[in-house]
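Please build the complete structure, drawing on both the sequences and the hints.
Protein sequence lines correspond, in order, to chains A and B. Note that my numbering numbers the first sequence so that position 386 is 386, with each residue one more than the last. Note that my numbering numbers the second sequence so that position 111 is 1111, with each residue one more than the last.
Misleading hints may appear alongside valid ones.
Claimed, not checked - Here are the computed lysine to aspartate or glutamate pairs in the EDC-like style, where the Cα-Cα straight-line distance is at most 16 Å:
#1 B:K1148 with A:D368
#2 B:K1148 with A:E65
#3 B:K1148 with A:E69
#4 A:K66 with B:D1154
#5 A:K66 with B:E1025
#6 A:K101 with B:E1149
#7 B:K1005 with A:E250
#8 A:K106 with B:E1140
#9 A:K306 with B:E1153
Calculated from the structure, these hints are not laboratory results.
The chain contents come next:
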Amino acid sequence: MSDIQPQQQHHIKLAEESLQKQSTTLNLGPTHPATHGVFQNILEIDGEIVLETTPTIGYIHRAFEKIAERRPYYQITTLTDRLNYCSSPINNMGWHLTVEKLLGIKTPKRVDYLRVLIMELARIADHLVCNSVIAVDTGALTTFTYVFQWREHIYEIFEEVCGSRLTTNIGRVGGFERNFSEAAFTKIRNFIEGFPKVMKEFEALLNRNRIFMERCIGAGPISAERALNYGFTGPNLRAAGVDYDVRVAEPYCSYEDFEFKIPIGTTGDVYDRFMVRNGEIWESFSIVKQALEKVEQIEREFPEQKDVFYAPEADHFHLPAKEEVYTKMEALIYHFKIIMGEINAPAGEVYQAVEGGNGELGFYLISDGGRTPYRLHFRRPCFIYYQAYPEIVKNGLLSDAVVALSSLNVIAGELDA
Amino acid sequence: MALTKEIVKERLVSQFGEQLTEWEEPYGLLTFRAAADMNLKVMQFLYDDEGLAFRFLTDLTAVHFPDRKGEELSVVYHLHSLTNNVRVRMKIYVPIEKPDVFTATQLFSGANWMERETYDFYGINFIGHPNLIRILNVDEMDYFPMRKEYELEDPTRIDKDDEMFGR
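If you want it as structure tokens, here you go:
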């Protein structure tokens, strides 16, 4: 019996140490176990315990920062769509706010409120995807299909406002491309009416569900101190117990006019992240209602503002209406100049942050006074906090690692830019 | 008393004096330039000081200025004091032939991937980084694509066979 050797591998060349070691190497990906995008993790596991994780990223890197250096400002909006594609309107408007800051444009209140309305709807859609998918990864498909109908309603609102659903390209520098139609407001009202019942049922199915709780509580925790050190932002940081929210710290788009709470957790585990997102859905829902009320109030008090949907100072960036382009010389010239990207922006250096679906989405823009940015850097929250993943799942179960990945809400588009 | 940009500037000037230059406030964000080998000392001071407490690294990236001879590459740090809600921006400049910068990974774990990304695209050599390898680009790449000498392909070129892509 003494001559038993490790079996000779003729076709697969294994490293010498892989025959000797006690742990197993497991390749998780390149597709995500529940297909949230393209991630690869090489796990070192001992039985079911994860010892070490090596994430590989960059599978869908599309060189947005390089491309942005040749594009006129209005064409970069479509690049931001493809960062966190679960909540593109927030990215779009974050970019518009950046350019507006560079140009020194102050948007009218009605535009601000409409933007807030759209951004909060996008946040609800983003959190719905994340939370329902946590449930899917723990084995409960029902809630996913149930709330996705309501994500669909949100996308219909986007479609009514801008014409597209996922990669929205919503709004323009200075405001919106056109005014909201009556149908859009009707859809928003229908959403406000119907959504709470569904959300309550979603929570009733999961929040105190014993199986779900036992899967999630204690899985993939991170302390507040480590989370801050890793540069966490957004719901993942708040789940660890830090109440940092860009909407409050540096209000943009008149967020200071709204009343809302910041839900926080304590342990930063999967369950806390789930509960914080649920809490935020309710807060966002309340902001949507407030925004709609404020828009209606403006229309009641100043009926002439009903047609205000962009800042007048942004004329050089805002496409004139089509009927004017066909009938008026000046409008035609502007249309042509804007489409050809022949508008120069002033030289300057801007950092603008918005609270994206996953955290602080920052735009660091350097303009040298030309038609395109000299340098544009996206601070992508996913990219920054995903590097904590090996630490989060270390010494946990393999199944916890999968749930932890979905609860972090890592979106491949944002991760890889 | 709430921490203001003026106090931050005052504290930094009294600590480092002439080593920090080019004080600006573009769009309200306190910006300064530090000597290339001072980045860690300044960040450590901002981090340790109880009154300042800049303990959050918001962003780290680089910019390429081909015309600035001897200081072509700039590394830009955005730091945030969350308790006081004040941001600062620190820039350092290094020559493109020898782009050596001290790593911030000892201070901020989050700097790990941000520095790898900066290395990947600009070739900044972060001294002391635990794992300075490419992150988004392929490992075999032998240049740093975000540098200005690598222009994007001319979209109107016709000498390329694009049959495979249906163009």
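Hint check results:
1. For a cut-off of 16 Å, the pair hint linking K1148 (chain B) to D368 (chain A) stands: about 14 Å separates their Cα positions.
2. The hinted pair formed by K1148 (chain B) and E65 (chain A) meets the criterion: a straight-line CA distance of about 12 Å does not exceed 16 Å.
3. Among the hinted pairs, K1148 (chain B) with E69 (chain A) is consistent with the structure: their alpha-carbon atoms are about 10 Å apart, no more than 16 Å.
4. Restraint check: the Cα-Cα separation between K66 (chain A) and D1154 (chain B) comes to about 13 Å, which is no more than 16 Å; the hinted pair holds.
5. Restraint check: the Cα-Cα separation between K66 (chain A) and E1025 (chain B) comes to about 27 Å, which exceeds 16 Å; the hinted pair is violated.
6. For the hint linking K101 (chain A) to E1149 (chain B), the alpha-carbon distance of about 29 Å lies beyond 16 Å, and the restraint is violated.
7. With a C-alpha separation of about 15 Å, the suggested pair K1005 (chain B) and E250 (chain A) falls inside the 16 Å cut-off, and the hint holds.
8. For the hint linking K106 (chain A) to E1140 (chain B), the alpha-carbon distance of about 47 Å lies beyond 16 Å, and the restraint is violated.
9. Distance restraint check for K306 (chain A) and E1153 (chain B): the Cα-Cα separation of roughly 45 Å exceeds the 16 Å cut-off, and the hinted pair is therefore not satisfied.
In this structure, the earlier hints numbered 5, 6, 8 and 9 are contradicted, and the remaining ones agree with it.
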